[in-house]
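Student: Sequence:
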Amino acid sequence: MACREGIGCPWQCPEPYRDRALLLLEPHPPGPSFPLADAAFHSGAPPTCLICDSSAPPSSHRSDAGTLRPNGWLAAGMLSMSALQNALSGAGSHCRRGGWGYLSRSPLLGGGVRHHFSEAAAQGRKTPQCHQPQHQDQFGALGPPRSGGIVPSAREGVWAGRSSGCDSSESGMLSRLGDLLFYTIAEGQERIPIHKFTTALKATGLQTSDPRLRDCMSQMRRMVRESSSGGLLDQELFQKCVSSNIVLLTQAFRKKFVIPDFEEFTGHVDRIFEDTKELTGGKVAAYIPQLAKSNPDLWGVSLCTVDGQRHSVGHTKIPFCLQSCVKPLTYAISISTLGTDYVHKFVGKEPSGLRYNKLSLNEEGIPHNPMVNAGAIVVSSLIKMDCNKAEKFDFVLQYLNRMAGSEYVGFSNATFQSEKETGDRNYAIGYYLKEKKCFPKGVDMMAALDLYFQLCSVEVTCESGSVMAATLANGGICPITGESVLSAEAVRNTLSLMHSCGMYDFSGQFAFHVGLPAKSAVSGAILLVVPNVMGMMCLSPPLDKLGNSYRGINFCQKLVSLFNFHNYDNLRHCARKLDPRREGGEVRNKTVVNLLFAAYIGDVSALRRFALSAMDMEQKDYDSRTALHVAAAEGHTEVVKFLIEACKVNPFVKDRWGNIPLDDAVQFNHLEVVKLLQDYQDSYTPSETRAEAAAEALSKENLESMV
Numbered sequence: 001m002a003c004r005e006g007i008g009c010p011w012q013c014p015e016p017y018r019d020r021a022l023l024l025l026e027p028h029p030p031g032p033s034f035p036l037a038d039a040a041f042h043s044g045a046p047p048t049c050l051i052c053d054s055s056a057p058p059s060s061h062r063s064d065a066g067t068l069r070p071n072g073w074l075a076a077g078m079l080s081m082s083a084l085q086n087a088l089s090g091a092g093s094h095c096r097r098g099g100w101g102y103l104s105r106s107p108l109l110g111g112g113v114r115h116h117f118s119e120a121a122a123q124g125r126k127t128p129q130c131h132q133p134q135h136q137d138q139f140g141a142l143g144p145p146r147s148g149g150i151v152p153s154a155r156e157g158v159w160a161g162r163s164s165g166c167d168s169s170e171s172g173m174l175s176r177l178g179d180l181l182f183y184t185i186a187e188g189q190e191r192i193p194i195h196k197f198t199t200a201l202k203a204t205g206l207q208t209s210d211p212r213l214r215d216c217m218s219q220m221r222r223m224v225r226e227s228s229s230g231g232l233l234d235q236e237l238f239q240k241c242v243s244s245n246i247v248l249l250t251q252a253f254r255k256k257f258v259i260p261d262f263e264e265f266t267g268h269v270d271r272i273f274e275d276t277k278e279l280t281g282g283k284v285a286a287y288i289p290q291l292a293k294s295n296p297d298l299w300g301v302s303l304c305t306v307d308g309q310r311h312s313v314g315h316t317k318i319p320f321c322l323q324s325c326v327k328p329l330t331y332a333i334s335i336s337t338l339g340t341d342y343v344h345k346f347v348g349k350e351p352s353g354l355r356y357n358k359l360s361l362n363e364e365g366i367p368h369n370p371m372v373n374a375g376a377i378v379v380s381s382l383i384k385m386d387c388n389k390a391e392k393f394d395f396v397l398q399y400l401n402r403m404a405g406s407e408y409v410g411f412s413n414a415t416f417q418s419e420k421e422t423g424d425r426n427y428a429i430g431y432y433l434k435e436k437k438c439f440p441k442g443v444d445m446m447a448a449l450d451l452y453f454q455l456c457s458v459e460v461t462c463e464s465g466s467v468m469a470a471t472l473a474n475g476g477i478c479p480i481t482g483e484s485v486l487s488a489e490a491v492r493n494t495l496s497l498m499h500s501c502g503m504y505d506f507s508g509q510f511a512f513h514v515g516l517p518a519k520s521a522v523s524g525a526i527l528l529v530v531p532n533v534m535g536m537m538c539l540s541p542p543l544d545k546l547g548n549s550y551r552g553i554n555f556c557q558k559l560v561s562l563f564n565f566h567n568y569d570n571l572r573h574c575a576r577k578l579d580p581r582r583e584g585g586e587v588r589n590k591t592v593v594n595l596l597f598a599a600y601i602g603d604v605s606a607l608r609r610f611a612l613s614a615m616d617m618e619q620k621d622y623d624s625r626t627a628l629h630v631a632a633a634e635g636h637t638e639v640v641k642f643l644i645e646a647c648k649v650n651p652f653v654k655d656r657w658g659n660i661p662l663d664d665a666v667q668f669n670h671l672e673v674v675k676l677l678q679d680y681q682d683s684y685t686p687s688e689t690r691a692e693a694a695a696e697a698l699s700k701e702n703l704e705s706m707v
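Under UniProt numbering, the first residue of the sequence shown is numbered 1, with each subsequent residue one higher.
Calculated from the structure, these hints are not laboratory results.
If you're wondering where the values come from, they're calculated on a predicted model, not measured in any experiment.
Keep in mind that a hint or two might mislead.
Okay, derived cross-link-like pairs now, DMTMM-like style, lysine to aspartate or glutamate, Cα gap no bigger than 25 Å in a straight line [as the list claims (entries may be wrong)]:
1) K441 <-> E459
2) K202 <-> D270
3) K641 <-> E618
Work the whole structure out from these sequences, hints included.
Tutor: What follows is the structure, given as structure tokens:
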């Protein structure tokens, strides 16, 4: 018996359709969520082919597709194709509950569709194609798996229905996320003032100017213009505004960024900034007129984390020239475009031990590294060797723009002209390199010097510079745009050289005391990278005798003395330094929960581990109940013995109802626990001397360091 598609009925169709028939014949048992299945089962209507909508053979027929049972599941499978399409593509609750997309298999959603493969597996067939990876069509849209280029209209209908169910389920989940976000910010109110939302957003570290939030912010501005609510968002308006950015916003408000408590962290940064602001050492560089005009009182710090959290303090919007800070960026661009092996045919990797502008080469006859002037000039000569000077500069400038997330990147022509007029030392280095044949064949030395001077004259602000640094910290991916700008290899090589050669003759000292990749410049800038955490840009024109920003160096040293950012800080046992990557409040809450739960279930082993890790065994929950309260109420004698004999906890702590642990044991008639607590109370001395308390605290600290 042939169906209208000419492939035979689904009982005898080719392998792909047999699998599809099996998959669609048993979508779900009939029930209240699937009234169509019940209707088809009880109506007595002739069964139809799921593939082509034509009449099907008797239900007792058996085929390679497996045993077909004439029950409600089979009836659901024998619905006409049009009925199935209507059921799947409808906007009703059945479609949302039954979901045919990938979200139906998500643990977040109940009532997922279960496909049955047992009969197919028993006959050794391949997994049905419906569960093979979907293919993309020429427009990039996901479509049904292709089978020999033949996609019958009925199959398209099934996929259209499944796609509709998937979209419905996904939109439902996103809608629930939006509701939760609204309730989190509203704090019981029916409407949210827009300024309250933006304030809460900034507390997470995200800025309203973040490119990732462009859709959300434009929607809010439009709502303010069109709405008469005076800048108030109800739940519906809020959903419309945040729907396009719900995932990012949910991540932000759940404190799932690299620095969870961003306000606390920036508070520490601000205090360090104020401390170093009072420093007055150093002198402004005067070897070119433009640098000599710099204001010595300028002091600004900006940071950007790998998640796009931003903070700025001081003079962070004033443009300044990158000068030597462009060297690691140019090197990273050359590695990304040309590869490590090629670039290092012309420049080395070792610190020189000499001044940055010396006329010297290593034993191989090439510049020591890309962070000295000779190495930077050679690296500049490698970029776009087949292009003219304008095209080379545009190429690098576009790269820098992408690294900065399209934030401010400018050019100071006055500085460029001054560099050319006063660059005798660099011209001497250029001729020396040319004489030693350090440039690639066919390179114009003067063009390479021009590009080097131009790149040193590129302007940024502290804010845009911090995004560049964060791109290096994030493995070459700009954190505020998500664009992959540099290769991972280029970033790794660049950070390695910044760590060993980035701070002129102070590089060894900086690596020893700060232990982070950084690059300084005579403009007073310091580009600092905390790998996998954040990037920073500091600006203070007064320089020390080695040419590094005086305030900037002190700021970096104070930062690492407070936080465990040093490359070789011990992250587990360095108790005296702060780790902003940890969730402080939530960790404390979890310790209370773990402690009380162990007491509740009588897990003495867990309590021993907590005591060994110097945990406070008298911690209280929100009802002021301790582990001893819980153990006494549950009658766990061994737990009570451990708490009173080994931990010496206070038995007189009262909960919010005024009960002590003994009261709980009496109330629940745990006589053995009552006897233990009565004896312990008689011998317990609550007023221990201060010396004993201090000794106990010291022993706990020593114990923690040992564990």
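Student: Please go over all the hints and tell whether each is borne out by the structure.
Tutor: Structure-based check of each hint:
1. Using a Cα cut-off of 25 Å, the hinted pair K441 and E459 is violated, with the two alpha carbons roughly 31 Å apart.
2. As the CA atoms of K202 and D270 are separated by approximately 16 Å, the hinted pair is consistent with the 25 Å bound.
3. Distance hint between K641 and E618 is fulfilled; the C-alpha atoms sit about 15 Å from each other, no more than 25 Å.
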